[in-house]
Each structure stands twice: as C-alpha cells, then as structure tokens.
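Line by line, the protein sequences are chains V and S.
Going letter by letter, the first sequence gives residues 592 to 1081 in the numbering used here.
Going letter by letter, the second sequence gives residues 4 to 483 in the numbering used here.
Where hints are given, some of them may not hold.
[Said to hold, decoys possible] Derived lysine-lysine pairs resembling DSS-like cross-links, with alpha carbons at most 27 Å apart: (1) LYS677(V) / LYS653(V); (2) LYS920(V) / LYS133(S); (3) LYS78(S) / LYS978(V); (4) LYS630(V) / LYS680(V); (5) LYS235(S) / LYS218(S); (6) LYS920(V) / LYS21(S); (7) LYS948(V) / LYS920(V); (8) LYS438(S) / LYS393(S); (9) LYS948(V) / LYS82(S); (10) LYS949(V) / LYS82(S); (11) LYS920(V) / LYS82(S); (12) LYS326(S) / LYS224(S); (13) LYS118(S) / LYS72(S); (14) LYS653(V) / LYS608(V); (15) LYS21(S) / LYS82(S); (16) LYS117(S) / LYS224(S); (17) LYS56(S) / LYS78(S).
Because the hints were derived from the structure by calculation, they are not lab data.
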Amino acid sequence: MEDILNMTALELGSAIKRGEISSPEAVARVFDAIETKDKAINAYITLNRDQALERAAVVQQKIERDELTSPLAGVPVAIKDNICTKGIKTTCASKILGDFTPPYSATVTQKLETAGMVICGKLNMDEFAMGSTNETSYYGPVKNPFDTSRVSGGSSGGAAAAVAAREAVCALGSDTGGSIRQPASYCGVTGLKPTYGAVSRYGLIAYASSLDQIGPVARDVADCAAILGIICGHDPADSTSLDISHPDYTAVLDGGVRGMKIGLPRECFEAGLDSDVADRVRAAADTLRGAGAVVEEVSLPLLDYVVPTYCIIASAEASSNLSCFDGIKYGMRSRNYDGLTDLYNATRSEGFGDEVKKRILLGTFVLSSGYYDAYYRRALQVKALIKNHFDAIFEKYDLIVCPTSPTTAPRLGESLSDPLKMYLSDIFTASANIAGLPGLSVPCGFDRVGLPVGMQIIGQRLGEVKVLSAGYAYQQLTSYHKTAPGGDLR
Amino acid sequence: MTWETVIGLEVHVELATKSKIFCGCSTEFGGAPNTHCCPVCAGMPGTLPVLNKKVLEYALVAGIALGCKINRYNKFDRKNYFYPDLPKAYQISQLYLPFARDGRVEYVTRSGQKKVARIREIHMEEDAGKLIHSPYGDVSYPDFNRCGVPLIEIVSEPDFRDSEEVLGYLMWLKSTFEYLGISDVRMEEGSMRADINLSVRPGGSDRFGVRTEMKNINSFKAIERAIIDESKRQIELLEAGGRVIQETRKWDDNKGRSFSMRTKENAQDYRYFPEPNIPPILISEELLRTLAERQPELAHEKRERYIREYGLSDYDAGLLTEKKALAELFERTADLCSDPKETANWMLGDMMYLMNRDSVTAEELNIDPAQFADFVIAVRNGIINRTVAKSVFEKIFASHDFNVAKYIEENNLRQIDDAGRIRRIASEVIAENPKTVAQYKSGKTKVFAFFIGQTMRRLQGKANPSLVNEIVTELLNHAD
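With the rest of the complex left out, here is chain S (with noise of 0.2 Å):
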C-alpha cells in the first residue's frame, strides 16, 4: 500500500520591532539575563499592557503579503497556563478573532515545481522567556528578556505533502519576511520557529489521518529530518496494524527521533477569554491602502522580473533574489554598468565562491556597487582581461573603499594590446623550449597551453587573451 503524507505549519515569527510588543523594552537578542525587562514584561503586579503601534503595522504588513483578509476588528486574548518563563501566568495572544485569515502563498520547491499553500489565519502574540538550567544542579533560573518580544503565528492548511513543499514554502517565508524587513527570520536564534503538525492516509483517501504536532524543531535540516522520521514511524505503526495517537511530540535534533510530550487526553485547557486591558483595535481601510502600497517587490516578484527583463534563467535568478541583500547589490550594480548578464556572472561565480569560502552571508557582504560597476565594464571593454579581473574581484569583495580604476592604474594591471610585444615575448617562448615546439609538431597540441600560459606570466598575466592565443598559434605553426 502506498501512503500520503499529511502536513500543516505553525509558524511562529519574532517581529523586529525595536521594543516589546507591550512595553518599551529592547528586542535585541541575547544580553545579559533579566537586562531587557521592566515591571511590565517581568509580569510585575498591578501592570498593564499598552500595544505597541508598529507591531501592528509589521503584522498587518505580512498579512497582506501573504494574501490574507485582515480582520478591521482586532482583539487579543489571554491563553492561560502556568510555566515559570510566562510571568503573568498568561500570554496575551489572539485566538477569536485573529487579524488575518484566508490566505494564499504561491512557492517553488527546490526541484522548481510551483505550488500553493493556503493559509488559514495569522494572529499576534508576545513570547515567553526562557529557563537557563544549571549545569550544577537540579536548578532553573528564568530569564524574561525574551517576555514580550513581538511574535506573529502562521496557521497554513494541512496542503503539504512531503519536506520539500514544506521547505520550499518555508523558504518562501523566509526571504518574504525579510525582504519586508519585519523579521530577522533566523531559526537558529528562534526568531523563526515551526511546529509541524503531520498525519499519514492511504493513497487516494480524501479522509485525514491522526495527526501528531511535533515542537522544537530548530533548523530547515531538522524539519526535514523530523518530516521524515515521522512519516516513518507513523507508517510503520499502523502497517503494524497499530494506531497513531493525537499526541505533541518533542524532536530531538542529536537523536535523530522524537518523543511524546504530551497526549491528547492531558492536554491543557488554556481557558482563552478577552483580554479586558487591552480595548479592541480597529483598523482603517487608509492605514490598509498605505501598507499595500509601500509593499517592496518581494522576491518572487523579482524573481518573475529578473527572468522577463533580464533574461536570466530561471535558476540564476531564484539564487540572486533568495537574499535581499543580494538582490539590492545585483540590482544596483546593473543599472550603474548596465549589463545585468556580467554582473550576475559575477555575483553567481566568483562572489559566491568567495562567500562560501570565507563564510561570509548575503547580509555581510561589503560590496560597493559603484565600484563593481567600474569593474564590469572594465571588464567589458577589455580594460582588464579575466586573469586579472578575478583578482581584483577578489579585492572589491574584501573592501567596500577599494577603487578599482585607481587600483588599475598604481599596479599597471592594464590589458596588454600591443601585438608587437605579445609577438615577441611568444618568439623567446617558442626560442627557448625547442623541445617542446617538436613535441606540438609531432602532434601532442595539449602542450599549446603551456606557451600560452608562459607567454602570459612574461607579461604578469595581463595581456589580451585572445591576442596571445592568435600570435601564439600562428607562430608555433610556423616554427621551424
């Protein structure tokens, strides 16, 4: 029998407002313990929460990018539990009336299929602390920095099949959010975080199965992992003739497996009710308009562009569209040197190679786009021949003041056009390897290379290639 896997997403995204989403406090990651909070966040008695206004604006700002109806009545509500990182005892959150629904996300999977994921609703929330536990004992010590750091939930309906959509719309979030500016979106500081609720049904059944939530999953590769893993576990059970149980599972990551949180049965009840301190929000169908339109052109958007205008391939411009940062830098450079194709080859080539070989991210880089503009025309109009121009490239990606003109001309880096001299440096070349001139002759061309390779290190690797290639050919040929 083959089965189907059954996935929906809860993604949790940390908005990168400046302060809290109910106080004045610093949102900024790490910090010493309990250093970004005041009574308000500590859950000090007697205190109140007053929403603050961007937080709004930045949900409804994905609200809108992920296709959703915004609810103009907004409310919060409390979800009551007890957990020694929750200081009011309750989380301020949105579960009657969340303030988008009904949306729609169109992704491309790793192997370029398009797909589509709905998205049920999107609500507000404020986060929770954290407990640092002591390496010496049998002790927890609360850290509040993180109490209220403004969060947005993303529901998705159950429209995933297998890790790849998963990722591919995770993927799509991502680079959305950030190109919106509204999140920092890393996983590995838990400003992004999913929970996966995943089912198994026989192929063909339009009924779902039992489905399971899985928490703490902390990185793409462990989605993917615990995607696996638990389709697995969940076929195998019932093949066994066994029953999945409704049940919150724990991955975890060095294990490789997950365990059993907690069961349906002991589950808790938060007894939601109307937050009474925070009065209704209503949103103006002006506040609305102006979100629309100051919305950026997102990266599928030009993704789309890149291909149309640019005639970039389709894998070309995913790679330079998935970070914001480089899109900026290739969108920028190539309007300044006006080769869209050049820079691109660039960016994709030697840049990426650069990148991964000092490990330096899209959000790092310290190109000036001025001077990689100088380069590529440079490049272009043979100012500079390849040899050369990767390692001045190699100096453009290290510095953001370097000058490439200026450089050029200090280290007389030039191309070399001047036939004559290419012509008689080749003849010394030729002159003085007499052995290898009768080797060519008698057939074995590969040593043709070598002439030309010495050829250009006689003249510091900066002549004209294809100057080189033409003397170098014609006098070998006619070589006694």
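So here's chain V without its partners, still in its complex pose (with noise of 0.2 Å):
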C-alpha cells in the first residue's frame, strides 16, 4: 500500500473503511512524520498524542461497527490554534494565552469529532492570525516545505506548511485577509475560504469578526469540499452563520467548467505581479478555457483601496476582540504591577507581540471619537462599494480567477522589515473577505526557483458549488497540487 502520508484524506479515509489501515495507526503514522519533519518545519505548537491515540482507537470501533458514515471517519486533522478544542491548549501563538485551555470547544472542532475525525494537534500561526508570513508567531516562524528559508505564508501558516510537508493529511485554518489562500499558495496546497456565514465561528477566537471564517487547507479540492461538507451549516451559537441548507459539496464536485464564464480581472496583472505568477496564473486561465469556460477581462476598479479598507476594519475590530486579554479572567498576568491601570499596561506590553500591538493601536485610533467618521465609517462605505462592485461582476460571470498572492513565499526576515509590502499581499484576498465571498486557492505551477504559485478562484455569495468545481476540474487536468515539497510526484 501507498505510503498513507501520500494520500489525500478521502483516500485514507476510504482506506480505513476498507480496512486497509487502521485509524490509530494512521495517526501514529502522522505522528511519526511530525516527530522526524517538525523541527525543520516548526507547524505545530501543541501536539495531542496521547489523546489522539485514545480518540482513535474508539473511532476505530465505531468505523467497524459501521456508527459513523462520514468519508473521513478515522482521518487525523490538525487545527490552527485559534480554533478552541476542549481540554487542549489554545494559544493563537501568542505569549498572553501560553497556558490557556478553554472549557469548550468550537462548533467546528466538535463537528470534526462528531464525523469521527481525529485531532493530533494544534498549528502554528502569526500571533492572534495578524500576519501574512508567520513570522509573527511567538513560538517562532514557520518554514516553508519547498524551501526551508523561506516563510510559510500566514496567517494559516502551519496549516498550509504541515499538510504540504505532510505531516498533516489536513487541517482547519482561519481566513481573515487571505490567512487560509496565501499560504496555501505558498506551501502548494489547496484551500478555501467558505462564504462568510457558512461556517460558524463560535470557538474561532477572533481577529475580525465580521471577516473571520473557518476554512479547510488540504492536499487537493475534494479535501476541501468534503471537510466543508462536515463543518458548514447553521450554529445557534453564532447568529452570523447562515440558516440555510448546505448541497451536498462532495457530490457536485464534477460538474466542470463547460460554459462557465470566468472574469480575470485586468488591475491583477498589473504593476506589483511577479512574472511568473502572472505566466503561471494565465497559464492555469487558458487550462480552464480549454476545459470549455468562457474566461474574459474584467475590471475591479477598487482593488487599490481593497488593503487599506480590510485594515481598517480588521484593526479596528481586533483593538476591541483583543482587549479581554487584560491579565484578569485567562491568559498570562505580569507579575510586576502597580495598581489596575498598571496591570492591563503591564500585561499587554509583556503578552502581545510588536504587530499585534501595531494593530491594536492602529485599531484604537480609528475608532476614537474625531476618527471614527474619517476612517471607519468611510471604510464601512467602501466595503459597501467593493461588495456592490462584486455584485455586478456576478451578474454577468460566474467566477472570477486571479492569482492568490502577488509573489511566492519571500524570505524569512524579508517581509517583517517592509510591513506595506506585508499588507500588500494581501491585494488579492482580502477582497473576498470584504465582500464576504468564498475563496479557493489551487496550486498552479512553480516560479523559476521552484516555488509554488496558487490561482485563486472566487465566487459570489454561497457559490462554493461553482468554486469548487472549478477547482476540482482544474486539478482533473493538472498535477501541481500533486508535486510534494522536493518535488517529488506521487
């Protein structure tokens, strides 16, 4: 048998139901990986090997006694770790909630171990998902599987870095700005940012909510679709989660992309674009169109205030979401205060790191009173603007297809020292969360060093069926989101 690591999750999944290999060895098998790749790579801050031994094992049963019918039963997944689990630390990689285990878990988490899945850990990220190389983590970077010098992408980016070196069959990230799509680019894995409202957020311990959503990053579409499959629907613990009926996304993935018609839009290949991406991107445009789309220019007129309204509202938001870590309640507390003020002062300098204070402070000031009108009112009215202008896009093409991030994975160390073009990154993603609109990143080839490079796939409202088979037709076609770090095919 193939070695399990190679597989996606549904062929493992397959696999245990078949009998072919157990759960709990699956999960030994993804252990064993972390143990001999982690140190290069650095994805996983907390690891639940005991438990997820344990867990396995009644998994294991259940799979045989034929209780539990999800195609990933028995599946090892990693979560990032600002997705709350029960009885295991959740840090969001920072140094204020070292120590914190909640009492709960997510919605997510629970629906993964509802559907028999086995959690073995929890994943690197930039501190609290601010940052787009995870270099921000305060349990160090994490390091990208193509090339070791290089970052991971973020915030996702152990997500994104675990399942490319597969030491993860896949995982659960977080997509705020483009924290699930930018390090799937970069690692060369495939990944989805669902509809805002499709998947709740209760237990997602939030950067922004109004643009926080849970996502799946996977070796491939079907992984996607299928772990969107158990984590989607409505959550009475989130009102933001939408209460509607989710299709089947496993069932519809090959309906292909005859007749569809695709927006490329025009602003995306401009100044800023590596050549290579662009190639590669245009490259995958053309697969499309010779699977039978109807791939056209379209303009996105805003797509220069698309950064300085997602920070904006994202600081903003996060200035309030971060303030209960306060040494209070959870979390670290300094131990050198002087009255109150002092040790809110006290905690905050010592547990945040740089950027998330540099957001925090970004986020205060534009909510203050004299600011609020010139900032984040207007940037609500942008949001306004970019969804309307999506809107229309809609009405006319069913997908837009662009690339995933300007550049491939820089150096680590390059990005810290030229935050702008950090932010800058994100140009391409962030207008997905503004707008609240699904997201795919797939891999669509190498640049001249072997980096990966990922087109990402947008659709309008709810219109994860159309993503997705996109996605799955261009992978029908291709072989990137094959090719492991190493560049071994499988």
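Two chains, two frames, some hints: make the complex.
See below:
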C-alpha cells in the first residue's frame, strides 16, 4: 500500500473504511512524520498524541460497527491554534494565551469529532492571525517545506506547511484577509475560505469578527469539499452563521467548467505582480478555457482600496476583540504591576508581540472619537462599494480567477522589515473577505526557483459549488497539487 | 436672584427575563459568585453573543408603554472600556440606533400635579458584573453573575425641575414596569438605577447651565437628597463667583454629599462601533401590533377608571393602583362582592395598617379575594358587626386558607340582633352601676360610652351596635 502520508484525506478515509489501515495506525504515522519533520518546519505548537491515539481507537471501533458514515471518519486532522479545542491548549501563537486551555470546543471542532476525525495537534500561526508570513508567532516562524529559508505565508502558515510537508493529512485554518489562501498558495496546497456565515465562528478566537471565516486546508479540492461538508451549517451559537441548507459539496464536484463565464481582473496583472506568477495564472486560466470555460478580462477598479479598507476594519475590530486579554480572567498576567491600570499595561505590553500591538494601536486610533467618521465609517462605506462591484461582476460572470498572491514565498525576515509590502500581499485575497465571498486557492505551477504559485478562484456569495467545481476540474487536468516538496510527484 | 434647577435622567432597568441577554444563564439575583455564568457571559475568547428574543420583546413592551417610536431596523454597538467586572472589555449596547425614540410620559407628583416628561431614547444593553472587595486586604474578586443581565436605559429630556417631579416620574416608571411584568424594579437590588444630570440657571433663562452627572444612587430617598444637595452645591458655587465644571460625580449617601469621579477632560473614549457578531434585527409591524394589543391596563389608567367607575377619590385610587398586587386584589374582591367602596375602605384602612405593622409588602400579601369578598358581604349584611369584623379581617390577612363563613359559625360570632337580650344585659349594667347613672343624669354624658362598652363586652362584642346604642339611650333616659 502507498504511504498514507501521501494519500489525500478522502483516500485515507476510504482505506480505513476498507480496513486496509486502522485509524490508530494512521494517527501514529502522522505523529512519526511530525517527529522527523517538524523540527525543520515548526508547523505545530501543541501535539495531542495520547488523546489522539485513544480517540482513534474509539473511532476505529465505531467505524467497524458502521456507526460512523463520514468519508473522513478516522482521518487525522490538525487545527489552527486560534480554534478552541476543549482540554487542548489554544494559544493563538501568543505569549498572552500561552497557558490557555479552553473549557469548551469550537463548533467546528465538535463537528470534526462527531464525524470521527481525530485531532492530532494545534497548528502554528501568526500571533492572533495577524501577519502574512507566520513570522509574528511567539513560537517562532513556520518554514516553507519547499524551501526552509522561506516563509510559509500566513496567518495559517502551520496549516499549509503541515499539509504540504505531509505531517498533516488535512487541517482547519482561518481566513480574515487571505490567511488560508495565501499560505496555501505559498506552500503548494489547496485552501478554501468559505462564504462568510457558511461555517460557524463559535470558538474561533476572533481577529476581525466581520471578516473571519474558518476553512479547510488540504491536498486537493475534493478534500476541501469533504471537510467543508462536515463543518458548514447553521449554528444557533453564531448569529452570523447562515440558516440555509448546504448542498452535498462532494457529490456536485464534477460539474466541470464547460460554459462557465470566468472574469480575469486586469488590475490584478498590473504593476507589482511577479512575472512568473502572472504567467502561471494566465496559463491556468487557459487550461480552464481549454476545459470549456469562457474567460474574459474584467475590471476591479476598487482594487487599490481593498488593503486600506481591510486594514481599518480588521484593526478596529481587533482592538476591541483583543481587549479581553487583560490579565484578569485567563491567560498571562504580568508579575510586575502597581495598581489596576498598570496591571493592564504591563500584562498587555509583555503578552502581545509587536505586530499585534501595532494593529491594536491602529484600531484604537481609527475608532477614537473624532476619527471614527474619517476612518471606520468611511471604510464601511468602501466595503459596501466593493461588495456592489462584485455583485455587478457576478451578474455577468460565474467566477473570478486571479493570482492568490502577487509573489511566491519571500525569504524569512524579508517582510517584517517592509510591512507595507507584507500588507499588500493580501491585495488579491482580502476583497473576498470584505465582500464575504468564497475564495479557493489551488496550486498552478512553480516559479523560476521552484516555489509554488497559487491561482485564486472567487465565486459569488454561497457560490461554493461553482468555485469547487472549477478547482476540481482544474486539478483533474493538472498535477501541481500532487507535487510534494522536493519535487517528487507522487 | 432665583435659580431654576434643570434635571434629566438616565434610568437603567433590568429586564426580568429568565435568562441573560446573550446566553442561556440564569438572571436570578444573588447566588454564590460566578455560579450563574458560562463561557459566553464570562467573556471566554471565541464565544459569541446570541440575542435572547424575550429581551427584545420586553424592551419593545417598555418602548410602547412609554409612547416611543420604535425603530424597525435595530443594531447593537460595542462600548469599549477596561474594567475587571467587564470580562469582554466591551459592553454590547445600542448607540447609533436605539430601539425606541421620542416617547412621552404623563405622571402625577406627590402633591397631585400632572406633569409630562419627554423620553429621548431607550436602548438595550447588557449589565456588567461586580467586584467584591476583600475586607482583609487590597484585593478584589470579580463576580460575573450579573454579566449579561439584560438592561434597558431610558434617557429623558431635561424636563424635571425638582426632586418631586423626578420622584413622580420614577414612581411612574416603577409601577408601569411592574404592571407590564418586565422588571422587578427593585432599587435596593439594583434592578432599577438612576443617573442624574443636573444643572442650574437663573430663573427665566432659556439656556442650560453646565451640568454634572451623578451616579451611584440606590434609593428614592437618596435621589431626593442628591438632587437637593447638588442644586445647592451648584448655586452656592455660582453665587460665590465660581463655575460649575462638567463632570461625573459619585453620591455618597452615608456622608450625604457627592464627590468628583472624573471631569470632561479625562472622560473615557468608548470607541463605539457596530457589534459585528449580531446581525441587524428587523422588527415586524405584526409583532409591534401584537405587543401593543397585549399591553395590560397600566397604573395611571386604572387610577382614572377607579375614580370614574367606582367613585373613589384620586388619592385612594392612587394608593390602590400604585402596586399591581394591590390593584389585582382590589379588583377581584370588588368584582365578587360588588362593593368597591367597602373593599377599598378595608384595604386602605385595616389592611394598610396591618401591612405596616407586620412589614408585609404588596407582593407578599396572601389574602384570598373570595374570602375577602365574603367578608365584605358579611359586614354589609350585618352578619358580623364592625368590632368583630376587625378581628376577622386580621385572620383573612394572616392566612390565605381562612374561611370566613365557617369561622363566624364555629366561633358563634354572628351579630346579636335580639333586642330583648340586649335590653336585658343593658338593664343589668345600668342596675349594677347606680353611681355612674347618677353622673350621667347630672350631665356628664361622656360616661354614656361606659354603658355601651360594658353591654358590648357582656355580649362578646357581637351585638348590633346601633341597637345597643338605641337601647342604652332609652334605658338611661328612663332610669330613675
């Protein structure tokens, strides 16, 4: 049998179902891989070995008794460390939550467990999901498995790198401005940010509540669809989760792209875009054309406003969301303080990293009286405009295709010295968050030095079926998503 | 120079829903610290608020009763500030779109004057927890039980001129919310709290002076004292050539004065912004109509009806309607005995006396209206006389299970209307007290009461009093 680490989640799930391998064996194999590989990658913050093996044994029995019907039952999964897992440390890659063990599980965590998936560990990320390179983590940067001198991307860098390095079969990440898609693109894996409200956020430690969305990171589109099928749905504990019935995403994958109208925004191919990235994405668009899609240039005139709008809204919400980390109830409390105000100051000064502090300060500023109208209110207005533009495009087109990121993975240390460049790396992804749209990143080739390039497919609100179908069709015609680091095509 | 005081009120009222505004925890008052909380109201990271529909309903009921325009499109906002009793470090409130605006309340002051207060807005919000300060050292412990208890904040226009008006308005709110059943309105438990915005200006001026905001006032008495004290403080300051500064002050009821908490310069910037976790709430015309139709008769409406239909005085009607429990007892009893006047008399006389004596609140009253009605009928029909009635009423007051008819029979309390028997007893009394008879004859008519009393006593107080009176008068006048 093929090494299970090279299998997709669905392949592994059916191997388990067929009795070719047991869930505990699969879980043990993942921990072996972590042991040999993670020193170089640093994708995990917390490992859940003993509990995972115990859980896998229970799941295995249920599978044998036919009590678990999910195609992913028994499959190991890893979870980004900002998603609460009852009884397992959840740090947000921050010092301030270094010892935080949530007393409850996120809705998505419960859903994965109900489906019989086994949680192996918690994945590294940018601190509180703030960053695009995974270098803001208190637990050190995640290295790109294709070149460990380069970043994994972020903020779900641990998720993308672990899946790419074959030390996780699949993972959950979160995406506020591109945090699933951009690292997926850098690490050559597939990542989906669902429509805002498609997946419950209950238990996701918030960065920017109106933009955050949990989604899958996996080897291919079919796995993403299967995981989405497990985690989606209305949650009474999240008022922003949509009360709709979701289709069976796995069953409708092979709809193909024949006759689909795809828009290619010309602004995305202008200045700042790496020429290799441009070439690969255009080539990918041609592949879709070859499969029967109609690909045309469209215009996204508000593209330049996406990053500023995102920065203002996200930092404003973050400044409020992160206020609860005050040293009173949970997490770290400074040992050196004099009085209440100083307790707050000392705890937050010591507990948060620089990037987080920067965004809290920015957010506090844009919400402060006298500036609210000029920044936050205006950002909300631009957000509405951007939404309208997308609505107009989707009246004529089924999908938008563009690069996931303007470049491939930069070297470690390069970006933090030039934060504006780092913020601009979200330019193609953040608009999907602002407009609440589903966005998928699929590997579409390699640049001149062998680093993965990602193509982003954006659909209309709740247009997951078309997005996934297009991605699936593309992966039926290509093998970039099967290329493991080191260049081995499995 | 004469000064005019101008007062506006911000009144916080806890809504009496069973569970909290954004989670399923109990809202019950008391309870060991941190026993009525969950990850949501304790502000655990990753948790999300879900609006309790009952809270919205109760809030709308209040808005309708206060004559407000209801905003059909509702949103919540975050008010950000750090304090250990606020676990999320923000309070979910409504700044930009309060659910109710532009209301109007007509109330009556203690001295009977009719007044109007305009309501600027009412908004929903969540309560914070509280800090328990250790008596043993410089330590405080947060108690999150109250976190997420639903509140409405009622903001009035500056329409009050003295403490009597303020109290009249607050009493109106208190009785209205009690009637609506949407709040316990207990100031001492903090389920109703008022902040006072007060300024003074020269009489006749139409411009407002600089105002202060007074917090931490826990009783009607304290409100009255705080208003009087703050007006005086501001007037003295101005008369001495000083200036009032805009600030928040804290009332200390033990010291009988207030202290500056913070001035406008170091006022907090709450950085309000729309709460992203709660989508806008749309209120249907149908819901508003249903709630308006369901609104019970309120205290002031009952008061007017009692005057109109039962011929009660304004004062008596006011007393009977101030508390919902009293009005209910009155109406049910009066209905059963068809004698509202007599029912009112017993309630306002003996019942109020007994409530006072035994410290029984209106809510604790345990009188069975059916027995009360039987009692009123028994008195009216002369089955028992008033002397006996007073003791019987005490029994009714004491126990819900008391049976009037049975008690009268078993204890042989029926009024004695037998003139012959009364005459026999009265004659005995007169015969045994010749000296007193002589006093009476010599014009000392005050001793008449002695003969009445003695006769009554020998008849165990059960005799028909007018018959006793008649017979004793006759016998004395004919005695030698």
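Going through the hints against the structure:
Note on LYS677(V) and LYS653(V): the hinted pairing holds, with a Cα-Cα distance of about 22 Å set against a maximum of 27 Å. Using a Cα cut-off of 27 Å, the hinted pair LYS920(V) and LYS133(S) holds, with the two alpha carbons roughly 14 Å apart. Between LYS78(S) and LYS978(V) the CA atoms are separated by roughly 20 Å; this keeps the pair inside 27 Å, and the hint holds. A distance of roughly 20 Å separates the Cα atoms of LYS630(V) and LYS680(V); the hinted pair therefore holds under the 27 Å criterion.
Distance restraint check for LYS235(S) and LYS218(S): the Cα-Cα separation of roughly 17 Å lies within the 27 Å cut-off, and the hinted pair is therefore satisfied. A hinted pair counts as satisfied when its Cα atoms are at most 27 Å apart, and LYS920(V) with LYS21(S) qualifies at roughly 26 Å. Proposed proximity of LYS948(V) and LYS920(V) is supported: the alpha carbons are some 20 Å apart, at most 27 Å. For the given pair, LYS438(S) sits about 33 Å from LYS393(S) by alpha-carbon distance, which is inconsistent with the 27 Å threshold.
This hinted pair checks out: LYS948(V) and LYS82(S) have alpha carbons roughly 20 Å apart, not beyond 27 Å. Our distance criterion of 27 Å between C-alpha atoms is met by LYS949(V) and LYS82(S), whose separation comes to about 21 Å. Between the alpha carbons of LYS920(V) and LYS82(S) the distance comes to roughly 20 Å, so the proposed pair stays at or under 27 Å and holds. For a cut-off of 27 Å, the pair hint linking LYS326(S) to LYS224(S) stands: about 19 Å separates their Cα positions.
In summary, the hint linking LYS118(S) to LYS72(S) is supported, as the alpha carbons are separated by about 21 Å, within the 27 Å threshold. For the given pair, LYS653(V) sits about 11 Å from LYS608(V) by alpha-carbon distance, which is consistent with the 27 Å threshold. For the suggested pair LYS21(S) and LYS82(S), the alpha carbons sit about 25 Å apart, so the restraint of at most 27 Å is met. For a cut-off of 27 Å, the pair hint linking LYS117(S) to LYS224(S) stands: about 21 Å separates their Cα positions.
The straight-line distance between the Cα atoms of LYS56(S) and LYS78(S) is roughly 14 Å, inside the 27 Å bound, and the hint therefore holds.
Consistency note: the structure conflicts with earlier hint 8 alone.
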